[in-house]
Structures are given as C-alpha cells and as structure tokens.
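Could you put the whole structure together from the sequences, leaning on the hints where they help?
These are the residues of each chain, in order.
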Amino acid sequence: MARTRYVVAVALVLAVAGCSGDSSPLPAPTGPPTATATSPATKAPDTACNPRASLRPSGALPKPGRMPAGSWMAEIQKRGRLILGTSQDTLLFSSRNPFTGKVEGFDVDMGRQVAAAIFGNPDKIQIKVIGYDERVSAARDGSVDLVADTMTANCERWADVHFSTVYYEAGQKVLVSTDSPAKSIEDLGGKKVCAAAGSTSYDNIATVRSQPAPVAVAKPAFGDCLVAFQQNEVDAISTDDTILAGMAAQDPYAKVIGPKFTEEPYGMAMSQDHPEFTRFVNAVLERSRADGTWKATYEKWLGEFGPAPAPPAAEYR
Amino acid sequence: MSTALAARPQPGRQQPDTRLPGTQRPDAQVLRPERGGLFRRLRALRHTSPGRLQLALAALLTLGLLTGLVGGLTGYSAGSATSDLGNRAQPLLVEAEAIYSGLAEADTTAAQAFLAGGLEPAALTRRYDDALTRATTALASAARRTPEGSPAAASIEVLANGVARYAALVATARAVNRQGLPVGASYLSSASALNRDVLLPQAQALFRGAQDEVAGGYDDATGAGWRLLLTVLVAGLLAALLLTQAHLSLTTKRTFNVPLVGATVLTALLALGSLIVLSNQSTHLNRAGTTGSQPASALAEVRILVLRERGDEALTLAARGGGAAYDKDFEDARASVGTALGNEYLTTKARGAHQTYLETHETVRELDKNGDYDAAVKLAIGDQTTEAFETLTAEIATALEGRKAAFTAEIGTAGRGLGLLTVLVPLLALAVCVLAAAGIRARLEEYR
Numbered sequence: 001m002a003r004t005r006y007v008v009a010v011a012l013v014l015a016v017a018g019c020s021g022d023s024s025p026l027p028a029p030t031g032p033p034t035a036t037a038t039s040p041a042t043k044a045p046d047t048a049c050n051p052r053a054s055l056r057p058s059g060a061l062p063k064p065g066r067m068p069a070g071s072w073m074a075e076i077q078k079r080g081r082l083i084l085g086t087s088q089d090t091l092l093f094s095s096r097n098p099f100t101g102k103v104e105g106f107d108v109d110m111g112r113q114v115a116a117a118i119f120g121n122p123d124k125i126q127i128k129v130i131g132y133d134e135r136v137s138a139a140r141d142g143s144v145d146l147v148a149d150t151m152t153a154n155c156e157r158w159a160d161v162h163f164s165t166v167y168y169e170a171g172q173k174v175l176v177s178t179d180s181p182a183k184s185i186e187d188l189g190g191k192k193v194c195a196a197a198g199s200t201s202y203d204n205i206a207t208v209r210s211q212p213a214p215v216a217v218a219k220p221a222f223g224d225c226l227v228a229f230q231q232n233e234v235d236a237i238s239t240d241d242t243i244l245a246g247m248a249a250q251d252p253y254a255k256v257i258g259p260k261f262t263e264e265p266y267g268m269a270m271s272q273d274h275p276e277f278t279r280f281v282n283a284v285l286e287r288s289r290a291d292g293t294w295k296a297t298y299e300k301w302l303g304e305f306g307p308a309p310a311p312p313a314a315e316y317r
Numbered sequence: 001m002s003t004a005l006a007a008r009p010q011p012g013r014q015q016p017d018t019r020l021p022g023t024q025r026p027d028a029q030v031l032r033p034e035r036g037g038l039f040r041r042l043r044a045l046r047h048t049s050p051g052r053l054q055l056a057l058a059a060l061l062t063l064g065l066l067t068g069l070v071g072g073l074t075g076y077s078a079g080s081a082t083s084d085l086g087n088r089a090q091p092l093l094v095e096a097e098a099i100y101s102g103l104a105e106a107d108t109t110a111a112q113a114f115l116a117g118g119l120e121p122a123a124l125t126r127r128y129d130d131a132l133t134r135a136t137t138a139l140a141s142a143a144r145r146t147p148e149g150s151p152a153a154a155s156i157e158v159l160a161n162g163v164a165r166y167a168a169l170v171a172t173a174r175a176v177n178r179q180g181l182p183v184g185a186s187y188l189s190s191a192s193a194l195n196r197d198v199l200l201p202q203a204q205a206l207f208r209g210a211q212d213e214v215a216g217g218y219d220d221a222t223g224a225g226w227r228l229l230l231t232v233l234v235a236g237l238l239a240a241l242l243l244t245q246a247h248l249s250l251t252t253k254r255t256f257n258v259p260l261v262g263a264t265v266l267t268a269l270l271a272l273g274s275l276i277v278l279s280n281q282s283t284h285l286n287r288a289g290t291t292g293s294q295p296a297s298a299l300a301e302v303r304i305l306v307l308r309e310r311g312d313e314a315l316t317l318a319a320r321g322g323g324a325a326y327d328k329d330f331e332d333a334r335a336s337v338g339t340a341l342g343n344e345y346l347t348t349k350a351r352g353a354h355q356t357y358l359e360t361h362e363t364v365r366e367l368d369k370n371g372d373y374d375a376a377v378k379l380a381i382g383d384q385t386t387e388a389f390e391t392l393t394a395e396i397a398t399a400l401e402g403r404k405a406a407f408t409a410e411i412g413t414a415g416r417g418l419g420l421l422t423v424l425v426p427l428l429a430l431a432v433c434v435l436a437a438a439g440i441r442a443r444l445e446e447y448r
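Chains as they are written, first to last, in the numbering used here: chain A, 1 to 317; chain B, 1 to 448.
No lab work stands behind these hints: they were computed from the structure. Just to be clear, a hint being listed does not mean it is correct.
Some chain A residues near chain B, calculated using beta-carbon distances under 7 Å [unchecked claim]: (1) ARG66; (2) ARG81; (3) PRO98; (4) THR100; (5) GLY101; (6) GLY223; (7) ASP224; (8) LEU226; (9) VAL227; (10) GLN250.
Restraint-style ranges between C-beta atoms, simulated for each label pair [claimed, not checked]: (11) A/GLY80 / B/ASP383: 44 to 52 Å; (12) A/ARG79 / B/THR290: 54 to 62 Å; (13) A/PHE99 / B/ASP220: 35 to 43 Å; (14) A/ALA69 / B/ASP372: 22 to 30 Å; (15) A/GLY190 / B/ASN161: 42 to 50 Å; (16) A/GLY65 / B/ASN161: 55 to 63 Å; (17) A/ALA159 / B/THR363: 40 to 48 Å; (18) A/SER137 / B/THR290: 46 to 54 Å; (19) A/CYS49 / B/ALA123: 26 to 34 Å; (20) B/LYS378 / A/GLY65: 24 to 32 Å; (21) A/ALA290 / B/GLY338: 53 to 61 Å; (22) B/GLU344 / A/GLY65: 53 to 61 Å; (23) B/ASP372 / A/ALA159: 31 to 39 Å; (24) A/GLY65 / B/ALA123: 41 to 49 Å.
We put the beta carbon where it would ideally sit given N, CA and C, even for glycine.
Below, the structure written as structure tokens:
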C-alpha cells in the first residue's frame, strides 16, 4: 500500500533511533506535567523513584480462560472483554484505519496480547478512545482496564497508577515544515509548537532552553496538531519521534528534525487497586519478549524504521 | 448633557438684549398685546351667533383634516408592517431555520460517513451536499433581509465566513480520507467542532432573533396607538358634527342642514369602513400567528432537536467511548423532543417514527456499552434507523410547509383593504370637510 511505503521512506530518514510515543522525561531534561508551564526554567526532575521498575510477575501465567478466582483477571473474564483505553489518531501506535474503521497499531496489539492471555482470543477487547489528558484518570478510576496509549512511565504518574514494565523506548523530537531552517527545537524560539493537552510532550516544550522559549499550543489530540500545522496555525509539532514519523508520513511537506531531547519509556497504565493485574500484564510482556511476539509486533508496525531492536529490558522493584 | 441643555436658553434670551437693544424690545412689547388681543377676540366670538358658527367650522375642519391624516397613516403603517411581516420577518425566520437545520444535517451526515469507514457512501455525500446547499442558499437570502449593523447581520457574517471554512475542512477530510491517511479523521473532527461550537450557536441566535422579530412584527402591524388615536378623532368628529347640527336646528328654522347630514353620513361610512378593514386585519393576523408562524416556529424547533439527536448519536459513536458529553446532549434533546412532538400539526406517523428511532437508538447504545462497537455502528447508520429517522424528518418538513402556506395565506388576507384605507380615509375626510364648510357657510351668509 502506498501509505506504508511512505511511512517506510520517512521512517528511514528518521532512522533507527526513532520510535516513541508520549512525552515525559525521565532522567535527563525535566519533568513534571503542569500544563501551564511556560517558563523555560528547568524544574527539578522527579527522581524519587525508578519509573521503569514495575511489579515482578508472580510465577507462570495461568491458562487462558482459567484466571485465579478473586483476581481482576477473573473479573475481566467474567465480563467477557478487556477494555483498552487508547487514542485513535496516533498512526502506527493506535489509529483508526480509514478503510476499515478499526483502531489498530502497536499499542493496540500490546492490549490484544493481554486479551489473548486472559481469553485465549485477542479479539475479546473493547477499544475505548480516551483523551491524552484522561489517560491517568481513566486507568485510576477503572473506567478502562488498561491504558496503552504512547504513555510515558514517570514518577508523577506512578503516584496515581501502576505501570507495566517498559514495552517501548521513545524520545521527543520536533516536526517542522520542509522549508524551515531550524535544526532542532532550540531554533524555534517564539514559534508556536503544538502538542496534545495532558501529554508530557506539552510540558517539555516549555523547558526548552532558548530565548525566547517556544510557545506551547495545546490541542485535544496529536491529529488535531497535524491539522493545525497544515492550516498554518502552528509552526511545529513536538512529541515522541515515532508519532512524528507517522505524521510526516501523512504530509510530504513536513520533516522531523534534531536529536531526541528526552527519554520516553512507554508503559501500560493500570489501576493500583489490583496489583495482581499489573503482575499479570508484566508476565504477558515477559513472555512476549521471550517468544518473539514483541519482535513480530515491532516489525509489523515499525519495521520500516529498520530492524527490530532488542525489546526494552524489564526492571522490577 | 443636562447642563448644556439647561444653559442653552440663557444665551438665546440674552442675545436680543445685547445685540439689538433698541429695536428688539419695542417689537416684543408690541407682540404681546397683539396676542392678548387675538385671544380676547376669539373669546369674544363665543358671544355672537356668527362667531359661534365660525368656531364650530374651525373645529370641524381641524378634526376632519386630522382624521384624514391619522386614518391614512394608520392604514399605511398597518399595511407596511403587515407586508414586512409577510415579506421579511417570517421569511427570515424560515431561512434561519433552514440555515440551522442545513448545518446540523451536514454535520450529522459527515459524522455518519466517518463512522461508515472506507470511501464515503455516495448517498451520504449527496445528503451532505444538499444540506450544505440549503444552508448557504438560505444564508444568501437572509443576508438580503437583514439591515446592516443589526445583530442578525453580525450572525450572518460569522456564518458566511464559518461555512466557507467548514466546507473547506470537510473537503480536505474527504481528500485525505481517499488517500487512507488517519489525519482525515482529525480534519473531520475539527470541522465538526467548528460547526457545533461556532456555526450552530450563531444560527440559533439568528433563529431566536427572527422569532422575536416576528413577534414584534405582529405588534407593529396592529399598531394600537394609531388605532386609538383614530377612534378618538372619528368619535370627536361625529360628536362635533352632531352638536353643530343640534345647535343649528335650535337656532334656525331648518331642522336639517343637508351638507352637514351628508358629512355625518360620510364620517359614519369612514368609521365603518375603517372598522371592517382593520378588524379583518387583526383577525387574520391573529390567525397567521396561531395557525402559521407559531406552529411553524415550534415545528422548526422540533426539526432542530431531532437533528441534534441524530448528530449526537453519530458523534457519541465516533468518539468511541469518549463521547459522554454527546450522549448527555442526546438525552437533553430527547427530553425536549418529547413535549415538542405533541405539536397538533404533527401526525401520529411522525410520533411513531420518532418512537421507532428512539428504540433503535437504545439498542445502539446498548450494543456500544456492551463492547459490540461494530454492530452498534452498523445499526446506527443502517437502513432501518435511517428510514425511521427520514420518515420523521419528512413528516416534520410536510407539517412545516403546511404551516408556512397557512401563514402566507392569512397574511395575504390580512393585508386586504389596507391600501384602499390609506387612500380612501383621507379622501372621505376631505369630503367631510368640504361638506361641513358648505353647510356652515350657507348659515354664515345669512349674517352678512
């Protein structure tokens, strides 16, 4: 399909380094997600925890369809479907296929692996589209079982939700028009840079060290940022490199520039009320890394970026 | 302001004193006794027989001329207000409704096409195009009916600019969708946000403004002030004529003064004619309101409400679980539709179709809530639901057309005779004046 070929081409330019999703920095630049941040002053990074470290799986996975009584997995099994919270406009990770109307991508497939582990059938999944700014709350209040939506695991979010082990390593970059002379986000001082409201990408824009700082513009979703970019409402879009690659693939007059200026380890978010589910999801990821499912999923969605790297190593607390 | 006004008379009074001290003062002194003399002479007239007749003639002529003037103005203002109601206010209301429902339908259709996935079904594209054409046509003619600088003109300006942007966004969404790029969906949601957040509220403001204008149009057309003044003048004229004749038959040997009797008959005819024409106008205006514009406006609101339901349904599904706000809006609209559908001009078929639609909607929500998204979408845009909904909108449209026709007919009848009144009342009043003058002058001659 022509689209895939485009993705391939752009992705190659973007290169091997690139895959990622959401924006919230880990060790390096900065941190916390207050949407109003406009001062470039660096906030002290929240290093109170290791956001990559999740709960250790408790033994082997139970057989599909036979979830331990009293566990959250048994609840899900009783309900008959896993409810996955995600977006529908993040090409390659979770976007609506315009031909079929189905939401699909790397993140969705991660959710489907969990559904397969519970039911033995990856289709027993209900996709619920949530806003970027609802990802934490939706996981916390249990309106979805699992959030897989290019979501960066960071300490601030760990205070409200559990994250799985890291299933994807991303980093923030910036997308500009092909005729822009800018080499990195530092060259965009005073320009309007768009990001999804509630994403760590949005917060990171304000921390860029340039005089003046770029003007962060919030839109409900990254798809809306691309519309704003194409309508000349904003000068650039900044978020994780792979999301940007998906956008550049849709617009031949856009290019992704600069080095990754943040680290964005993606984790799936869940409620803290049932840690057994977090352990279960980690066990699913463990198996996925080991039996090649992760690699196959990577190649299916992101293979155009180059050969699949080794899956991110699991860290436990 | 008030100080300036208060200060103004002072210089005016001082000017003659300072500029023309010698000449001006004697003049003023001459004028004053002169005026006093006039009053005295008028008072003196009451004491002589010819003087009394002269006074009566002056009163009759004044009353007659005023009656002619006020009668003509009453006829004119009632006539122009009635035709303004029929030719401007009511059509503006109809157009405002067409703009609103056209935009709402375009938005609903675009959302459904989005839900359908893949290439937009041709039927939906056509319905979108039709809806948008209806809205823009109505917008163009509404623009001609709104005076510059009015709130309605401001709404129309926002709408005209917004519709162009809206159409461009939807066209981009379609083109992008054809290439299979997900950003097409984002274009569509931007378009929908523009429609719902900017265009529909403006269209609604225009609609409400037009409703107020129609209500005000009825008040203008039945202008109570003119009518009261005319009644007082005609009654005064009749009374003056009768009193003069009574006085004449007492003071002369003739029982009847033929020209004055003629004037009285003409005045009575004038009163009767005005009464018939104006009460005919009131009756038909009233009927135009109760059987025309009021139900038409209510039906227009019903159509807006049901379109809102349909749009909310599609948008709830398109938001995939993130559409709680649309679902709530659906419930709000549904609560209002319930009572609005009780409109006496709607058939049971319409109510039945809405019931069928609501039942399908319940099933759609049930399917969606239970995670069977695909089945929910299929049902929502499927033939069964579409048919029920289209039966409903077709019924509303028929009823609306009926009420518009009733309004036009009643307004036409209400305007009947007003033009004639405008011309005939002044002519009759002049004839009354001529007859009165002739009748009294014949008696005055006798005193020479």
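For this session: Could you tell me which of the hints above the structure violates, numbers in ascending order?
Result: 1, 11, 13, 15 and 19
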